[in-house]
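**Q** Sequence:
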Amino acid sequence: MAVYNLDEALKPYQGAGMSLIWRGELGSHGIKVVFVGTSKGTKVELLEPTSPDSTVGKFLARRGPGLHHIAFLVKDVDRALQQAKEMGYELVDQSSRLGAMNRKVGFIHPRSFGGVLVELVQST
1 MAVYNLDEAL
11 KPYQGAGMSL
21 IWRGELGSHG
31 IKVVFVGTSK
41 GTKVELLEPT
51 SPDSTVGKFL
61 ARRGPGLHHI
71 AFLVKDVDRA
81 LQQAKEMGYE
91 LVDQSSRLGA
101 MNRKVGFIHP
111 RSFGGVLVEL
121 VQST
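Taken in order, the sequence shown gives residues 1 to 124; the numbers are from this note's numbering.
There may be inaccurate statements among the hints.
The list that follows gives simulated cross-link-like pairs (lysine-lysine, DSS-like), each with its CA atoms no further than 25 Å apart [to be verified]:
| hint | residue 1 | residue 2 |
| --- | --- | --- |
| 1 | K75 | K58 |
| 2 | K104 | K75 |
| 3 | K58 | K32 |
| 4 | K43 | K11 |
| 5 | K75 | K40 |
| 6 | K58 | K40 |
| 7 | K104 | K11 |
| 8 | K104 | K85 |
| 9 | K40 | K11 |
| 10 | K85 | K40 |
| 11 | K75 | K85 |
| 12 | K32 | K104 |
| 13 | K11 | K75 |
| 14 | K32 | K11 |
| 15 | K75 | K43 |
| 16 | K85 | K11 |
Simulated restraints on C-beta separations [stated by the list, open to error]:
| hint | residue 1 | residue 2 | range |
| --- | --- | --- | --- |
| 17 | S28 | K85 | 20 to 28 Å |
| 18 | S123 | K11 | 16 to 24 Å |
| 19 | L26 | G66 | 13 to 21 Å |
| 20 | F113 | P12 | 34 to 42 Å |
In short, the hints are calculated from the structure, not lab data. Glycine included, every Cβ here is placed at the ideal spot set by N, Cα and C.
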C-alpha cells in the first residue's frame, strides 16, 4: 500500500489486530517500509516515499494512497522472471534485486496483469 505517512497508516491495521513484523528504509529506492501481519500469515506492506521523485512518490502524486502492488512468493525469482518473459509478460526487472528484508525481488509490469504491478519475492 502506498501511503503518505507510515505512522498514521499503521493505526487501522494495528487496530484490526495486525502486528508489526518489520520496519526499515530502502534508501536506494527512496522509501520507508513497514510490514504488518496476522498470526495466520497474511502480510501487508506499507510504503512511504522519502522523496517525491521515488516511484512511490510519483505513484502517490498520480493516484493518491492505495494499492501499489501485490506479491507472490517464489522459490527462485530469477527463474520466475525468465519464465514470465518466455510467457510474454512485460518485465520491469530483467533480473532480481534486493528488496525489503534483504530478500530477492523482481517486478512484472502492470500492463501484463490488468493494471496491477506484480512483485515476485524469493522465499527464504
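**Q** Which numbered conditions among the earlier hints are violated in the structure presented, ordered from lowest to highest?
**A** 1, 6, 7, 10, 13, 16, 18 and 20
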